[in-house]
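Enquirer: Here's the letter readout for the chains.
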Amino acid sequence: MNVAVLQFPGSNCDQDVFHLFAGGLRLPTRYVWHKETGLGAADLVVIPGGFSYGDYLRCGAIARFSPVMAAVRDFAGAGGLVFGICNGFQILCEAGLLPGALIRNASLEFRCLTSALKVEASTEAFNPRSLGAAVRLPIGHGEGNYRIDEPGLARLEANRQVLLRYVENPNGSLGDIAGIRNESGNVFGMMPHPDRAFERFHPSQDGLAVARAVLAARFPEVLRRTG
Amino acid sequence: MKINVFVTPKKNVLDPQGAAVGHALESLGFQGLKGTRVGKLIELEVEAADTPDFRARLDQVCRDLLSNPVIEDFRCEIVQK
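Top line first, the protein sequences correspond to chains R and E.
Quick note: the first sequence uses the working numbering, first residue 1, plus one each step.
Quick note: the second sequence uses the working numbering, first residue 228, plus one each step.
Chain R with its partners taken away, still in its complex shape (with noise of 0.2 angstroms):
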């Protein structure tokens, strides 16, 4: 079981998400720069939050279009599990490997704050009873408010694709959606950072648990090892 994190110039989060495969959850981790055009042996590919190319054009927008971009498509399509984080949240819909976009908050606002997250039952591991009705998970993001045409917005519900809902929407987001996945059940995103509410000093450590969350969708096996 590798963990791959991406590393992208602008990215900031990735030593946060790092230490939490690595020293949280105890996995093989390492990093990989945006200019390889393979991710080697990797089960889980994680996209951090920061701010990819300046955020320049739009949040996600360069970055998509990195060498290592094509090799992240490639392994989504063959069903490998891939979890974006904040700006790793954006440049998943900006690559089409999940539906919708993210634009400015609505209150124009920087919302820097440890935000309330009702859990949507979504999957198998992914859901209140494994997670609790709800979970707290910093945030920090100026451009988190989801986006989704009607019918769009229609299928997300229908598949229940939605993972976490603000229980106080900072953003202005569609359906007060802080997370979704793909349909395949394998693309994870969401605008709250599990990396930084693990530690005992994190405002919250509920995000070992989302983290496992998402990892059981493909490797249900590692979580019960790593308790």
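To be clear, the hints were calculated from the coordinates, so they are not data collected in a lab.
Note that the structure is predicted; figures quoted are calculated from it, not measured.
Not one of these hints is a red herring.
With beta-carbon atoms standing in for the labels, derived distance ranges:
hint: 1; chain 1: R; residue 1: Val167; chain 2: E; residue 2: Asn239; range: 18 to 28 angstroms
hint: 2; chain 1: E; residue 1: Val306; chain 2: R; residue 2: Arg26; range: 51 to 61 angstroms
hint: 3; chain 1: R; residue 1: Ala22; chain 2: E; residue 2: Lys229; range: 45 to 55 angstroms
hint: 4; chain 1: E; residue 1: Val306; chain 2: R; residue 2: Ala41; range: 48 to 58 angstroms
hint: 5; chain 1: E; residue 1: Lys229; chain 2: R; residue 2: Gln205; range: 54 to 64 angstroms
Every residue, glycine too, gets a C-beta built ideally from N, C-alpha and C.
For this one, chain R is given, so just place chain E on it according to the hints.
Expert: What follows is chain E alone, placed relative to chain R:
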């Protein structure tokens, strides 16, 4: 040739930036304002002939990179051949 690519938020997509600019215009006393949308202008300078093939390639990069069709519309104007 010189090309202007205008990228604007789709009509049915919320434009928080446009709304904020609209409020500011109102507070300046700018009367009769019915809507404000903020987009962007991308100026390209390209060495190419204006052929159907070139137009198709231009259209493709506008769709793939310069705009996000989920939230934005685009329009190209060739300003100088």
